[in-house]
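> Given the coordinates of chain A, work out where chain B should sit on it, guided by the hints.
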Amino acid sequence: MPGGQSMPGGQSTPGGVTVPGGQPPLLELRHLRAGYGEIEVLHGVTITVRAGEVLGVLGPNGAGKSTMVSVMAGLVRPASGDLLLGGRRVTGADPARLARLGLCLIPEGRGVFPNLSVAENLWMMTPRGRARAETADRVFDVLPDLRDRRAELAGSLSGGQQQMLAMARALATDPAVLLLDELSMGLAPRVVTQLYEAVARIAGTGVTIVVVEQFLRTLLGVATSAVALVGGRVVLSGTPDEVAPRLHDAYLSGSAR
Amino acid sequence: MTIGSTSSDTPSTPSTSSVASPGTSAVPSSASPDRVERFLADVAELQSSTGDRNTRLARVGAALMAAGVVVAVLALLLSQTSDNVYDQMTDLSLGIAGLTVALVGTGMFLHHSLAQFLRFWMLRLLLEGRRPFPPGSDDHREHESAGPSSS
Numbered sequence: 010m011p012g013g014q015s016m017p018g019g020q021s022t023p024g025g026v027t028v029p030g031g032q033p034p035l036l037e038l039r040h041l042r043a044g045y046g047e048i049e050v051l052h053g054v055t056i057t058v059r060a061g062e063v064l065g066v067l068g069p070n071g072a073g074k075s076t077m078v079s080v081m082a083g084l085v086r087p088a089s090g091d092l093l094l095g096g097r098r099v100t101g102a103d104p105a106r107l108a109r110l111g112l113c114l115i116p117e118g119r120g121v122f123p124n125l126s127v128a129e130n131l132w133m134m135t136p137r138g139r140a141r142a143e144t145a146d147r148v149f150d151v152l153p154d155l156r157d158r159r160a161e162l163a164g165s166l167s168g169g170q171q172q173m174l175a176m177a178r179a180l181a182t183d184p185a186v187l188l189l190d191e192l193s194m195g196l197a198p199r200v201v202t203q204l205y206e207a208v209a210r211i212a213g214t215g216v217t218i219v220v221v222e223q224f225l226r227t228l229l230g231v232a233t234s235a236v237a238l239v240g241g242r243v244v245l246s247g248t249p250d251e252v253a254p255r256l257h258d259a260y261l262s263g264s265a266r
Numbered sequence: 002m003t004i005g006s007t008s009s010d011t012p013s014t015p016s017t018s019s020v021a022s023p024g025t026s027a028v029p030s031s032a033s034p035d036r037v038e039r040f041l042a043d044v045a046e047l048q049s050s051t052g053d054r055n056t057r058l059a060r061v062g063a064a065l066m067a068a069g070v071v072v073a074v075l076a077l078l079l080s081q082t083s084d085n086v087y088d089q090m091t092d093l094s095l096g097i098a099g100l101t102v103a104l105v106g107t108g109m110f111l112h113h114s115l116a117q118f119l120r121f122w123m124l125r126l127l128l129e130g131r132r133p134f135p136p137g138s139d140d141h142r143e144h145e146s147a148g149p150s151s152s
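Heads up: the protein sequence lines correspond to chains A and B, in order.
The opening residue of the first sequence carries number 10 in our numbering; numbering runs sequentially from there.
The opening residue of the second sequence carries number 2 in our numbering; numbering runs sequentially from there.
Think of the hints as simulated: they come from the structure by calculation, not from any bench.
What follows is a set of in silico ranges between Cβ atoms, one per label pair, in the way DEER data are often shown: (1) 86(A) to 77(B): 41 to 51 Å; (2) 198(A) to 45(B): 37 to 47 Å; (3) 120(A) to 42(B): 24 to 34 Å; (4) 123(B) to 91(A): 30 to 40 Å.
Residues from chain B that keep clear of chain A, each with C-beta distances beyond 10 Å, as calculated: (5) 57; (6) 61; (7) 66; (8) 74; (9) 87; (10) 89; (11) 93; (12) 101; (13) 102; (14) 103; (15) 104; (16) 105; (17) 107.
All values derive from a computational prediction rather than experimental measurement.
We put the CB at the ideal spot given by N, CA and C, even for glycine.
Bound conformation, chain A alone (with noise of 0.2 Å):
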């Protein structure tokens, strides 16, 4: 179903989830222009996901893709533009309280604890009230690879499956929004292949998801959505689909054709 479409009554998404009919989209970046002291890296980005689309934003190195995602996280305050989250301005608020809505981001190069144990690492994440076992069990159904290391020191894992417990350490918090930035950063193909499958099961549950990548082919599957952003401009936009056949020429000339 398309994600611009309404239906009567409500919307389908790819992701499963039905929103009423005319809901405002659940994450928006509008006439977004960010960067770091006197460098600008986005120059009017203007992106709608709507609940429980996944979208792939795609881009050559300094494009400006993690800028976007750390300002979806409001980690990087915009120059000008907004961040909107169900239609609702929310541009400078507090990254602590964005997390806390269910706004998670999963920064480049993992971030777990390494001298902590699997389930040590899923209880730093769970919020205060939960039972632990109970979240272990929800994050262990989603991703099954972890329920036998659970006691196994996070730093003795592979990189597939820090990433893999990087991503559980996020469903712990229960997200509505889901941001991973350079999944498959520094890993061999099939653990890629791997952790997007995990990535399509989380989306199965209906958690919106955008997801950084330098190349389509590892999103494909998994993305209902895909924009290309090169130096700090969206220049192709649609489906993986639409968005593959041109995407070369928008890494090489920086628009599309």
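Below, chain B without anything else, positioned relative to chain A:
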């Protein structure tokens, strides 16, 4: 999904784009809109609230601390203006109550202002406890887990 860019030198992109069918997703959908609704409700609350609970309680603690000290000092001064022992006892009782309030306020302030800092301090300690891994260990394990290539 609607995508665009305000830049004039950027080629126009579709205002709406279609999204792949659910069949492209490898998993069945079992979602409930509850989480989305809760998220939207929390966003609305975020806008209406004036600050998080810790900040509010830290401010209350600081106010109690200051008020308690003021009351205690005033009670002490008041007790010195009277020769009547009973009046002095009343004033000193008030002073002790003020000190108690100041102590409670100090505790609240420290607890709620330091709580977040201590959490980050603990996380920092955990991260600094990172042990160096042998070079190439990740690659080694990934090759092990990947098994023979299918391509």
